Amino acid sequence: MSLLDSHLELDSQVALRPEPFGALAYHYGNRKLIFLKHPDVVRVVRELDGVTRLADVLRRCEIDERRWPSFESALSSLTESEMLHEHQVAPG
Amino acid sequence: MSTKSHLVEQLKGGLDAPICLTWELTYACNLECVHCLSSSGRRDPRELTTDEAKAVLDELHDLQVFYINIGGGEPMIRRDFFELLEYSIGRGIGVKFSTNGAFVDADKARRLAAMDYLDIQISLDGTDAVTNDAVRGEGSYDTAIRAMQHLRDAGFGEFKISVVVTRHNVDQLDEFKALADSFGAQLRITRLRPSGRGADSWHDLHPTNIQQRQIYEWLLAHGDNVLTGDSFFHLNALGEEPLPGLNMCGAGRVVCLIDPIGDVYACPFVIHDEFKAGSVRDDGGFSHIWKHSELFTELREPQSAGACASCGSYDACQGGCMAAKFFVGIPLDGPDPECVGGHGEAAILAASATERPRPMMDHSKPVRVSTPERVPVTLGRR
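Those protein sequence lines, which keep their order, are chains A and B. Quick note on numbering: the first sequence equals residues 1 to 92 in my numbering. Quick note on numbering: the second sequence equals residues 1001 to 1382 in my numbering.
If you are wondering where the hints come from, they were derived from the structure by calculation, not from laboratory data. These numbers come from a predicted model, not from an experiment. Beta carbons are placed, not taken as given, at the ideal position from N, Cα and C, and that holds for glycine. Every clue listed holds true.
With a cut-off of at most 20 Å between alpha-carbon atoms, the simulated PhoX-like pairs for lysine-lysine come out as follows:
{"#": "1", "chain 1": "B", "residue 1": "Lys1012", "chain 2": "A", "residue 2": "Lys37"}
{"#": "2", "chain 1": "B", "residue 1": "Lys1160", "chain 2": "B", "residue 2": "Lys1108"}
{"#": "3", "chain 1": "B", "residue 1": "Lys1160", "chain 2": "B", "residue 2": "Lys1177"}
{"#": "4", "chain 1": "B", "residue 1": "Lys1276", "chain 2": "B", "residue 2": "Lys1291"}
{"#": "5", "chain 1": "B", "residue 1": "Lys1012", "chain 2": "B", "residue 2": "Lys1276"}
{"#": "6", "chain 1": "A", "residue 1": "Lys32", "chain 2": "B", "residue 2": "Lys1160"}
A few chain A residues that don't get close to chain B, going by computed Cβ distances all over 12 Å:
{"#": "7", "residue": "Asp5"}
{"#": "8", "residue": "Arg43"}
{"#": "9", "residue": "Cys61"}
{"#": "10", "residue": "Glu65"}
{"#": "11", "residue": "Trp68"}
{"#": "12", "residue": "Ser81"}
Please construct the entire structure, taking both the sequences and the accompanying hints into account.
What follows is the structure, encoded as structure tokens:
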């Protein structure tokens, strides 16, 4: 499945701290610290709700489609460090 | 160029709050390590009270500081150590604390293992008692190993073993790694600075030029699994391949120190009035110092390459460590005393003619005067 079709959400153990360049993301569980190096990335991450497809979130945030690949790569590295994950659907 | 160097430029301008804040809780210590960066030994009567310390933690919470590094002295000596630990974690501020292990018994280890968002760093400067105890004092090797065993038996999980690299333990890097692996621990190695009591021991302890290359090559081979606090960035001038990490001095930009009496310094290695930005007891507290102090503002401005401007390696080594230069008397825009291009030694020689700044806030225990001529008296018991 493409990342664009996934329903990402921020892990509950992650805190975002605004900074001049964007934000810092810190995962209290695995103690990883990640730099979100653009305010638009921060905006998108804050919009992730675990329900909306990523493509729709990007559209809602008015991110130009030509920039989507760089957002996909930024968000996929956040997924690898467990800051973001696919929304877990409760059974039933 | 790369996004990494773009980020470094941003970080040099400073963050809204520190990423890496060290808080030395007390100057009291059961040990008297010859390289102690804070010249610890005796408690200072002016040390922050429990309430003052909690107020600082409240401020750090408001600033969204994610975690703090607690040290000393030996922080576990403070009677309110666990109270402050629990308060910090309760406020969402993770804690990593450094200890020599003397107060980590089976009970304390279980208590520590039960806490979340807590990291422990046991200091060890040799993989055998002879090497370690020469620097950290008699019995300190056994003490540290015992603490590690307690943490392992309590199921603490991955703690850290923290090593200051000297010319006497540099050949033990593989053994340190094996020791850490055997405990399921993570190895952290950092650079020796001429700070605190290190001002006097540095000249005999710091790695030789050949050993510096040895450290660089060892880090290239193992660096991804070893923590360094980015402290070896001066070695980047040795080759094309940069060491893992940010390769910049974080002092006053992403790093700072709160000392036991609440004074705020640019980094843990510069306890001297020249690098003191204020006190958490001042109006406006820590936040005001971090955001507005003259010193930190100055450190966030572009720095001059000075004497190193014409050297082709400046981009790689960034002129090295401010603290290391300062305490050997080299101007801050001069070369690092351990400059791998060989400019350090001449700079140290040139500096020794002038007065070297002495580290301040010396809390060393009084020197014991030995009286060998006195015959030991045996007290009779009746």
